[in-house]
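Read top to bottom, the protein sequences are chains A and B. Just add 118 to the spot in the first sequence (first one is 1) and you have my numbering. Just add 73 to the spot in the second sequence (first one is 1) and you have my numbering.
Hints are computed from structural coordinates only; laboratory data are not their basis. If you're wondering where the values come from, they're calculated on a predicted model, not measured in any experiment. Careful, some of the hints might be misleading.
Distance condition first, Cα-Cα at most 30 Å in a straight line; then the derived DSBU-like pairs of lysine-lysine [stated by the list, open to error]: (1) A:Lys533 x A:Lys460; (2) A:Lys308 x B:Lys222; (3) A:Lys196 x A:Lys308; (4) A:Lys483 x A:Lys510; (5) A:Lys577 x A:Lys533; (6) A:Lys166 x A:Lys217; (7) A:Lys533 x A:Lys495; (8) A:Lys483 x A:Lys429; (9) B:Lys291 x A:Lys429; (10) A:Lys333 x A:Lys166; (11) A:Lys166 x B:Lys222; (12) B:Lys222 x A:Lys217.
Partner residues aside, some chain A positions facing chain B, computed with beta carbon under 7 Å [what the hints assert, rightly or not]: (13) Arg202; (14) Thr321; (15) Asn324; (16) Tyr459; (17) Tyr481.
Backbone N, C-alpha and C fix where the C-beta goes; we use that ideal spot for every residue, glycine too.
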Amino acid sequence: MSHPVHYSQRSAAFLRAAAVLGAIPVLLVASAFGRRPAQNEVTRDFQKTVTLTGNQGVSVDHRLGRVVVHGEPGREVKISATIRVQDSNANDAQDFLQKIQIEVREEGDGVHVRTIYPESRLPHIRIGGHSSYSVDYDIAMPAEAPLWLRNAFGNAEIAGVRGWAQMENSNGALLVRDAGGAKLVNAFGKIELTNATGNCSITNNNGAVNVTNVKGTLELRNRFGEIVASQIAGAATISGGNGRVSLTQAGGNSSVSNSFGEVVVRNIAGNVSVTNSNGRIDVAEVSGGAELTTSFGAVEATRIGGATTIKDSNGSVHVTEAQGFVSVNSSFGTVKGSQLYKGANVVTGNGGIELTNVQGEIYAKTSFGSIYAENVKGKFTAQDSNGSVTAKAIEGDASVTTSFSGVSLEGVGGKITVENQNGAVDVTASGSSCKDVSLRTSFSHIGVRLPANAGYRIKARTSFGRINSQMPITASGAMGGDSLEGTIGNGGCLLELTNSNGNIDISKAQ
Amino acid sequence: MNTACNDRERIFLDGTAEEWAALEVHATTCSACREELNAWNNLSLTASDLHQEWDSPALWPRIERALREQSAPPRWSWWKRFFGSWNLISLQWQTAAAALLLVVLTGSAIWFIARSDRHRIPENQALFNDHTVREVEKAEAAYEQAIDKLDAQARPQLDNASTPLMASYREKLQVLDSAIADLRAQAGINPANGHLRRQLLAMYQEKQDTLEQVLEAKQQ
Chain A
119 MSHPVHYSQR
129 SAAFLRAAAV
139 LGAIPVLLVA
149 SAFGRRPAQN
159 EVTRDFQKTV
169 TLTGNQGVSV
179 DHRLGRVVVH
189 GEPGREVKIS
199 ATIRVQDSNA
209 NDAQDFLQKI
219 QIEVREEGDG
229 VHVRTIYPES
239 RLPHIRIGGH
249 SSYSVDYDIA
259 MPAEAPLWLR
269 NAFGNAEIAG
279 VRGWAQMENS
289 NGALLVRDAG
299 GAKLVNAFGK
309 IELTNATGNC
319 SITNNNGAVN
329 VTNVKGTLEL
339 RNRFGEIVAS
349 QIAGAATISG
359 GNGRVSLTQA
369 GGNSSVSNSF
379 GEVVVRNIAG
389 NVSVTNSNGR
399 IDVAEVSGGA
409 ELTTSFGAVE
419 ATRIGGATTI
429 KDSNGSVHVT
439 EAQGFVSVNS
449 SFGTVKGSQL
459 YKGANVVTGN
469 GGIELTNVQG
479 EIYAKTSFGS
489 IYAENVKGKF
499 TAQDSNGSVT
509 AKAIEGDASV
519 TTSFSGVSLE
529 GVGGKITVEN
539 QNGAVDVTAS
549 GSSCKDVSLR
559 TSFSHIGVRL
569 PANAGYRIKA
579 RTSFGRINSQ
589 MPITASGAMG
599 GDSLEGTIGN
609 GGCLLELTNS
619 NGNIDISKAQ
Chain B
74 MNTACNDRER
84 IFLDGTAEEW
94 AALEVHATTC
104 SACREELNAW
114 NNLSLTASDL
124 HQEWDSPALW
134 PRIERALREQ
144 SAPPRWSWWK
154 RFFGSWNLIS
164 LQWQTAAAAL
174 LLVVLTGSAI
184 WFIARSDRHR
194 IPENQALFND
204 HTVREVEKAE
214 AAYEQAIDKL
224 DAQARPQLDN
234 ASTPLMASYR
244 EKLQVLDSAI
254 ADLRAQAGIN
264 PANGHLRRQL
274 LAMYQEKQDT
284 LEQVLEAKQQ
């Protein structure tokens, strides 16, 4: 008899517990989804349509909201606006909503749209609520009509307006696509321009700028933000500030100036000029000449069609495949060049110089770095103070001056002149016909290897060393341990070897 | 009874009277056992001299009270009374408890996700609700604190800007401060405007990034 009673008690207890514990997650979920602000948001829609005539355009003057403008066929301007007000007091919200006005004026030059907010909306503090407002526009306008747009504190998006457009925004993004010619100005927001059929001018103060596919020219200024421009049919003039600049594919002479960011330029049909203060420069695929200047960054120039002029203070320089003459002036960086088809003039203060496969002449000057040259078709002139000079396969004359390091010349086809003071000189002359050789140093060794069939009039002198020769010399004039005059072969060229405190060795080239 | 010397230790501890008597008889003929027995007797006499007794009038009442409380029916709390009759160790209850635990965990997860979702700043919302405004204000306050700390570290570098880079950073920070002041003024009279709040957060973020760059430049 007692079993049913116990069962009933346990069931009741079970149900009680289930009700209590089951309520917990229900309450949790309800609290997550059920809490809604005690705010009153009221909305009013504004609609108006006007028709443009002749060359009339549209002007929009707005702030505190988003503006969308799109070009459409026909001559009508369809203005739609959504006005929103939020307030903890429903009456206040409704009252404020009615006070926000959309003014549409039709004048001789077109339609002027302006947002008018009630004045003296002073800040007020309320418990549990805020009073706020916003107006968003959607405007359809004739695609070919001009547009003047001014907005603040909201994004502006313009598409398909192919007439001249002037758009000014602040504190919001300015996004334009499928435009004609345009002047875009922004502050504190990004600018994006995609597809423009005319010339474009863009100015931004603090925000990224991204421009793609402009059929005309591009003038672009940005103070603090990255710049990316590509597919510019005309010339591009870009002035950056503190951000990276990238210009790809411009159809005319282009220039880029920047202060504190990398500059990358590609595919320019024309000349290019890049001036940077504290950033790297990387330029490639330029049909014309290139003038590249920076102070504290590396410079890379590749496949330049015209003359290349580079000025760098504290960065390395690398030039490859330059069709025109290359001129480099640097202070503290290494300079490397290869496949230079018109020769090079390289002056650096404290960096090494390495030039290979040069079709024209080379003039290389440095003070505290080494100089290396190979496969030079023209004349090779090197001036160094405290670095070694090494050259191989020089078809023209070689003239080297240095003070405190070695000189090694191999396979020089032209006249050889070396002026050294405290370093060894090691020279191999080449070619079937002889060229004059003049080697001088003071406190080291001179070694010269001559073609087997070459003829020289030799004048060798050293004060505290010996003169050795593997080649038969017919002596003439004075001959002693420290000086030698005579001829090798037919004596066709001058071989002048002068040393003070080192040996002189003459041998046959292999 | 035959008593061996080996048994004397046991007899000292718990020997019977008969065993003691047998040991004493044995000790008369065994010098080793006699010495041990004499030593034990001396020790017992000394110990009995050291024995003391004193009154403990409160001891027994305490023990008695404790026993009474232990034997009395337990005084249950409301919670114990409520759950007392449920027989919580039964399989049925264990299953129910496991199911409820699962529901609670699921509910908590949903609540957590929904809550974290609400913490995100809506990207396109024109007007924020109260909760979002509070969240944004918290984020702004956090930015301001972080910026103040960074600014204190970077300020000497900026004030003594001797390089063009530092001068440029200083200019940028001035521009950002101007924008922040403008946006804060606007947000003061239009506090739930979504764009203003998003833009203000973006400016704070940019200022923080710029100050971090200044400090990085300083380290370099």
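These are the hints, each one checked on the structure:
1. A:Lys533 x A:Lys460: holds, 21 Å
2. A:Lys308 x B:Lys222: OK: lysine 308 of chain A and lysine 222 of chain B at ~28 Å, within 30 Å.
3. A:Lys196 x A:Lys308: holds, 27 Å
4. A:Lys483 x A:Lys510: holds, 17 Å
5. A:Lys577 x A:Lys533: Given that 30 Å is the threshold and the Cα spacing comes to 16 Å, the pair holds.
6. A:Lys166 x A:Lys217: Distance of about 18 Å is within 30 Å: holds.
7. A:Lys533 x A:Lys495: holds, 14 Å
8. A:Lys483 x A:Lys429: holds, 14 Å
9. B:Lys291 x A:Lys429: holds, 27 Å
10. A:Lys333 x A:Lys166: Violated, because 34 Å separates the two Cα atoms, which is more than 30 Å.
11. A:Lys166 x B:Lys222: violated, 52 Å
12. B:Lys222 x A:Lys217: violated, 43 Å
13. Arg202: holds, 5 Å
14. Thr321: At about 14 Å, which exceeds the 7 Å cut-off, the nearest Cβ of chain B leaves the hint on threonine 321 of chain A violated.
15. Asn324: This hint holds: asparagine 324 of chain A lies near chain B, its Cβ roughly 6 Å from the closest one there, short of 7 Å.
16. Tyr459: violated, 37 Å
17. Tyr481: This hint is violated: tyrosine 481 of chain A lies away from chain B, its Cβ roughly 32 Å from the closest one there, beyond 7 Å.
Hint check: violations occur at hints 10, 11, 12, 14, 16 and 17; the rest are consistent with the structure.
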